[in-house]
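Student: This is what each chain is made of:
There are 6 protein chains.
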Amino acid sequence: MKRIDQRNYDDIRKVCIHPHYIQYPEGSVLIEMGNTKVICNVSVDEKVPHFKKNTGEGWITAEYDMLPRATSIRNTRDINRLKQNKRTVEIQRLIGRALRSVVDLKALGERNIIIDCDVIQADGGTRTASITGAFVALHLACQKLVKEEIIETMPIRSYIAAISVGIVQGDPLLDLCYQEDSQADVDMNIVMNEQGEYVEIQGTAEQVPFSRKQLDQLLQLGEKGIQELIQIQKKILGE
Amino acid sequence: MKRIDQRNYDDIRKVCIHPHYIQYPEGSVLIEMGNTKVICNVSVDEKVPHFKKNTGEGWITAEYDMLPRATSIRNTRDINRLKQNKRTVEIQRLIGRALRSVVDLKALGERNIIIDCDVIQADGGTRTASITGAFVALHLACQKLVKEEIIETMPIRSYIAAISVGIVQGDPLLDLCYQEDSQADVDMNIVMNEQGEYVEIQGTAEQVPFSRKQLDQLLQLGEKGIQELIQIQKKILGE
Amino acid sequence: MKRIDQRNYDDIRKVCIHPHYIQYPEGSVLIEMGNTKVICNVSVDEKVPHFKKNTGEGWITAEYDMLPRATSIRNTRDINRLKQNKRTVEIQRLIGRALRSVVDLKALGERNIIIDCDVIQADGGTRTASITGAFVALHLACQKLVKEEIIETMPIRSYIAAISVGIVQGDPLLDLCYQEDSQADVDMNIVMNEQGEYVEIQGTAEQVPFSRKQLDQLLQLGEKGIQELIQIQKKILGE
Amino acid sequence: MKRIDQRNYDDIRKVCIHPHYIQYPEGSVLIEMGNTKVICNVSVDEKVPHFKKNTGEGWITAEYDMLPRATSIRNTRDINRLKQNKRTVEIQRLIGRALRSVVDLKALGERNIIIDCDVIQADGGTRTASITGAFVALHLACQKLVKEEIIETMPIRSYIAAISVGIVQGDPLLDLCYQEDSQADVDMNIVMNEQGEYVEIQGTAEQVPFSRKQLDQLLQLGEKGIQELIQIQKKILGE
Amino acid sequence: MKRIDQRNYDDIRKVCIHPHYIQYPEGSVLIEMGNTKVICNVSVDEKVPHFKKNTGEGWITAEYDMLPRATSIRNTRDINRLKQNKRTVEIQRLIGRALRSVVDLKALGERNIIIDCDVIQADGGTRTASITGAFVALHLACQKLVKEEIIETMPIRSYIAAISVGIVQGDPLLDLCYQEDSQADVDMNIVMNEQGEYVEIQGTAEQVPFSRKQLDQLLQLGEKGIQELIQIQKKILGE
Amino acid sequence: MKRIDQRNYDDIRKVCIHPHYIQYPEGSVLIEMGNTKVICNVSVDEKVPHFKKNTGEGWITAEYDMLPRATSIRNTRDINRLKQNKRTVEIQRLIGRALRSVVDLKALGERNIIIDCDVIQADGGTRTASITGAFVALHLACQKLVKEEIIETMPIRSYIAAISVGIVQGDPLLDLCYQEDSQADVDMNIVMNEQGEYVEIQGTAEQVPFSRKQLDQLLQLGEKGIQELIQIQKKILGE
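Residue numbers (the numbering used here), protein chains in the order written: chain D, 124 to 362; chain E, 124 to 362; chain P, 124 to 362; chain X, 124 to 362; chain R, 124 to 362; chain H, 124 to 362.
Hints are computed from structural coordinates only; laboratory data are not their basis.
Check the hints yourself; a few may be wrong.
Residues from chain P that keep clear of chain X, each with C-beta distances beyond 10 Å, as calculated [unchecked claim]: (1) His141; (2) Thr178; (3) Asn198; (4) Lys270; (5) Gly361.
With a Cα cut of at most 25 Å, we get these calculated BS3-like pairs of lysine-lysine [what the hints assert, rightly or not]: (6) E:Lys170 - P:Lys206; (7) D:Lys206 - R:Lys209; (8) X:Lys209 - P:Lys175; (9) D:Lys347 - E:Lys336; (10) R:Lys336 - H:Lys336; (11) E:Lys170 - E:Lys229; (12) E:Lys209 - X:Lys206; (13) E:Lys206 - D:Lys209; (14) D:Lys176 - E:Lys209; (15) H:Lys170 - D:Lys206; (16) R:Lys209 - H:Lys209; (17) D:Lys229 - D:Lys267; (18) X:Lys175 - P:Lys209; (19) R:Lys267 - R:Lys357.
Think of the CB as a built atom: it goes at the ideal place given N, C-alpha and C, for glycine as much as any other residue.
Between the sequences and the hints, there should be enough to build the whole structure, so can you do that?
Tutor: What follows is the structure in structure tokens.
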């Protein structure tokens with residue numbers, strides 16, 4: 124059975140990562156996964172949040188947003204409703220946790236890293252593309268800090284990437300596009316490091332619950348996808 | 124090895140569910156899991172949200188909050204910061220998704236059910252206790268709707284409960300209290316129905332990523348705990 | 124003439140005050156006046172508001188809220204409207220003023236006391252029950268401060284309690300329940316100390332204004348009720 | 124003993140009420156009580172609030188605000204803090220209740236009256252001046268509605284005015300200016316109709332509670348002041 | 124051709140500037156231009172904004188608002204919508220820029236001047252009347268600072284005033300009232316100093332664009348009006 | 124004298140307009156003016172704002188924002204301050220007015236067009252680049268509406284473009300980059316149609332006011348720049 128866009132069930136979409144996309148941030152990439160496009164900008168702030176003051180450790184936080192017309196129907200900007208979109212809150216917490224898991228906050232020193240992931244075009248998997256792209260931007264920013272002798276050693280302990288998997292009409296699929304995602308019975312996001320260890324698993328079944336066996340299939344698919352993404356990250360970063 | 128409160132690694136805490144706790148809601152319970160106490164009130168509103176209008180289907184939504192002094196340090200009320208707590212947003216979306224997964228929205232008819240989970244004392248596991256308690260309150264509310272002939276049949280397709288599991292100093296533990304949770308390397312929340320199928324899995328490793336083998340251990344612990352909770356729910360509901 | 128719940132015109136409802144209700148606050152009670160139930164938690168903060176800095180004096184402030192389903196019709200949470208309920212503002216200012224009137228702010232020292240009154244079930248008289256309960260919780264908190272030698276002497280100068288009175292169908296009544304309150308021509312809240320002195324009087328006639336003679340009757344009823352409440356407070360506090 | 128501004132203890136300040144002060148509102152006055160100056164504008168809206176729809180009755184609501192520099196120290200505008208001043212909330216609820224108490228809402232018909240009281244210079248007693256001035260502006264607006272045959276008869280059942288009284292250094296005083304108010308042990312606002320009946324009494328003692336005898340003295344002073352204010356209102360309104 | 128109010132095309136409206144209008148501000152005027160009435164209050168704050176700290180320079184900022192019933196239709200207060208009116212934002216930025224352009228911020232020293240322009244009655248040209256009036260209030264405030272020896276020399280480098288011009292039915296007109304403004308094809312606000320130099324030009328054509336020749340006519344009219352206004356300012360300030 | 128980037132005083136920067144940049148909007152371009160990059164997306168909504176209902180006319184509104192790291196220093200997102208940036212308000216009103224000036228709202232019919240201008244990289248002139256780019260996106264959207272027979276004829280009456288001019292160290296310059304803009308004595312934005320008529324002029328002098336002669340020079344420079352931009356627009360749109 125072929126998928127909407129002719130992929131096999133275990134194919135990821137075409138991935139392009141454009142480094143140094145915006146000129147001002149310490150690290151910046153545009154990541155494209157199929158038609159999903161996210162600008163990931165990394166800013167380094169010499170001021171840590173109050174709960175890290177005098178700890179000798181840094182912090183990493185993420186913000187996520189979409190242009191109003193990143194989707195087929197226009198979304199009202201949050202500021203016009205004076206409320207942050209609830210889905211946005213969930214996603215930016217996920218991105219922050221994921222990136223923090225591979226950074227040695229002591230080696231970073233008392234500085235705050237802010238990762239802005241702004242989706243300019245959305246076709247499913249924006250949160251996982253954000254994590255995969257943000258890692259590259261973060262790596263670029265840390266290289267810059269090392270090169271400018273602001274920090275001594277790279278504070279990054281491992282590569283990390285993320286992918287979505289799901290069950291659509293009974294079939295487990297890797298890297299869902301929006302049309303697949305909107306029909307999925309189960310939707311799962313997996314964040315994994317280069318050692319194949321889990322950093323985050325979020326699986327949700329709104330209508331049809333899933334069995335242990337299905338869970339195992341999804342985890343296996345996810346691992347395959349993430350290994351491919353980490354290879355792409357490595358190529359971009361010249362490793 | 125004994126835990127802080129003398130439990131075995133696979134023991135849940137003492138659970139008490141007090142039905143009909145508040146007099147006005149259509150369904151109401153106070154759930155106590157150890158020292159965690161949550162009031163779960165279910166309100167039935169004859170007006171569905173706009174995206175369900177003229178679909179013949181109902182909807183279920185959840186809200187979650189804590190009293191300022193449910194914790195050892197007082198939290199500022201959201202309204203005084205004009206922003207909803209980000210953790211709160213994440214939790215109330217989880218509770219809503221979990222409960223919707225076991226309700227036949229067609230059988231419910233075009234009405235909206237609002238589940239308010241208000242934590243009056245927090246000692247870890249408030250989101251999972253909220254789901255477990257909210258299910259009982261929802262069941263009571265649906266029984267009332269059937270009894271008053273507002274709906275014909277019970278729209279609930281399955282029991283559902285939730286529990287936290289985690290890895291603390293290398294050991295997988297069931298139903299973490301706050302002190303354990305604050306030291307955990309991995310924290311996972313599992314929502315499962317009475318058929319042992321997964322409705323939601325959320326596992327997070329901020330510092331130490333987890334292997335596939337550890338994941339399997341956590342899933343098994345979680346299943347044990349949820350089966351025990353569902354037995355307690357059934358006793359309360361007289362089944 | 125008997126009242127809805129068979130009380131005499133000058134009877135207060137059954138009062139239960141449960142001390143040490145929540146485990147974390149410095150002082151905590153659940154007060155029940157008939158079906159009205161309020162959790163009163165007292166927090167001690169070593170940081171005074173800016174207008175008390177370097178004065179050697181402390182401050183007391185109160186916050187009041189209701190669970191959404193404390194009433195027969197569900198209320199939207201303030202945070203979802205981004206505006207504090209106007210009635211709430213009025214009530215929390217009243218509670219704060221009342222409690223401050225019996226505390227020696229110099230003896231308290233430069234620390235801030237926050238009193239959270241959260242109504243979990245409302246059947247009239249929630250603001251007066253809050254004051255009566257908050258006093259007990261505050262007394263418990265101050266005893267703890269003295270016992271832990273944080274302050275030297277009890278900073279409380281007098282007992283204080285509050286009650287509502289009103290005129291319903293021409294009759295003056297003590298301690299109105301919600302059904303009476305909603306039919307009242309005149310509604311008055313009285314806050315009084317144990318010497319029988321007034322701390323606050325708030326009387327309102329939306330439709331039928333009241334004469335001086337009626338005012339005198341209401342003041343007398345209120346004094347009777349408050350004396351009874353102070354006796355109950357003293358029993359709980361072991362005096 | 125003479126007061127700061129040479130008044131006797133039972134003298135009100137010089138009162139000027141300028142009718143038709145602003146050209147657009149249906150009723151408008153500038154009221155000056157000593158140095159306190161409030162613009163009271165009355166707007167008639169043909170749309171009632173939802174809770175009055177199809178009742179045949181109208182509604183009256185009030186808003187109160189101060190220019191930032193109405194006081195000796197500049198106040199930040201509410202919009203810059205995104206929160207309504209808590210004192211403002213309390214005051215506008217009082218003004219609304221007071222004016223509603225003298226209007227026959229049936230005779231008004233299904234229309235909404237909004238009373239805007241904007242203090243341009245504050246020297247104590249702004250809430251009571253607002254009520255006294257707003258009554259005149261409301262009367263002018265109702266005369267206009269009758270004259271234009273929008274309503275048949277004047278919906279106003281009685282004159283109404285308000286004044287502050289207080290205890291300063293042991294002495295009961297009528298109509299406190301700001302300097303007196305800031306030293307007062309007891310502060311009371313009284314709203315009364317022309318029959319000498321009470322519409323609202325709000326008495327507060329933050330530091331020194333007051334006895335029944337003192338209360339009686341304050342009520343008597345207030346009655347004297349209000350009778351004088353109602354005479355001034357009648358003169359302006361040509362009665 | 125005569126205008127609505129019998130003026131010639133190049134006549135400004137009757138201008139009255141009442142100095143020392145409100146008693147508390149360091150500088151205060153009520154400016155009336157025809158039926159437009161604006162209270163301009165100047166406050167001096169010894170604390171500069173953070174971007175001016177340790178620069179030896181001061182700052183000037185402006186706030187603008189309207190009473191809800193300054194217009195024929197009542198406007199909702201900003202705080203009730205939790206959003207500042209967009210037109211207000213534009214206007215207060217204009218007023219601030221205009222006044223800063225004639226003040227020597229070094230001579231002012233490290234202090235912040237806040238100019239509050241509150242329109243109590245609006246009949247067109249409120250932003251330009253605000254600038255013209257605010258200059259006088261600012262001048263009064265600076266004179267006070269010099270007289271009290273808080274600053275050594277007047278920090279004001281030039282007089283400044285503002286006026287609106289526009290094209291109505293093809294005719295260029297000076298100082299539009301509201302009725303003219305609402306029919307104008309082109310609306311332009313000009314701010315100019317006493318040397319006849321431009322400080323700000325804002326010209327807008329929503330429907331009919333304007334030619335270079337029309338622009339020249341409007342600039343000439345504006346200059347005439349501003350020269351007349353500066354003469355009036357000088358008379359008030361006794362120069 | 125050569126400019127920072129080697130341009131002549133009357134040169135515009137290199138302009139690239141990428142049509143159909145984002146796939147979902149009815150019209151979309153990425154406009155680059157030097158290093159300034161703005162995504163302009165046009166959405167067509169079949170629902171007009173309330174003030175256009177039943178008028179047979181449509182409406183056009185614009186929103187403008189910047190990615191947090193579009194600038195060398197990261198800006199906090201508006202939603203995190205709960206307030207729209209004041210500069211943003213000013214700019215989006217300008218963009219809306221400019222585009223409305225060339226559209227026949229009757230020919231558009233009762234539909235609302237929303238133009239989103241999101242700056243992804245800012246190097247001066249973002250508001251004028253937004254207008255120039257938005258016109259092309261709007262044109263594309265209208266062509267689509269005509270092609271799909273939703274409207275009969277193109278509702279666009281004229282081309283329109285915008286450019287900034289300014290005086291830097293006494294020299295009038297065309298199309299200022301950020302570094303020039305930050306040193307400018309006078310900053311002016313000009314919006315003009317293809318007939319050379321003015322739609323909007325906004326000139327501001329914060330420190331050094333400008334003479335009539337300087338104004339004339341700036342207007343001439345602006346006209347030159349806009350004519351060049353309109354040629355580029357025409358090429359893109361195939362005219």
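Student: To test your reading of the hints: which numbers does this structure violate?
Tutor: none
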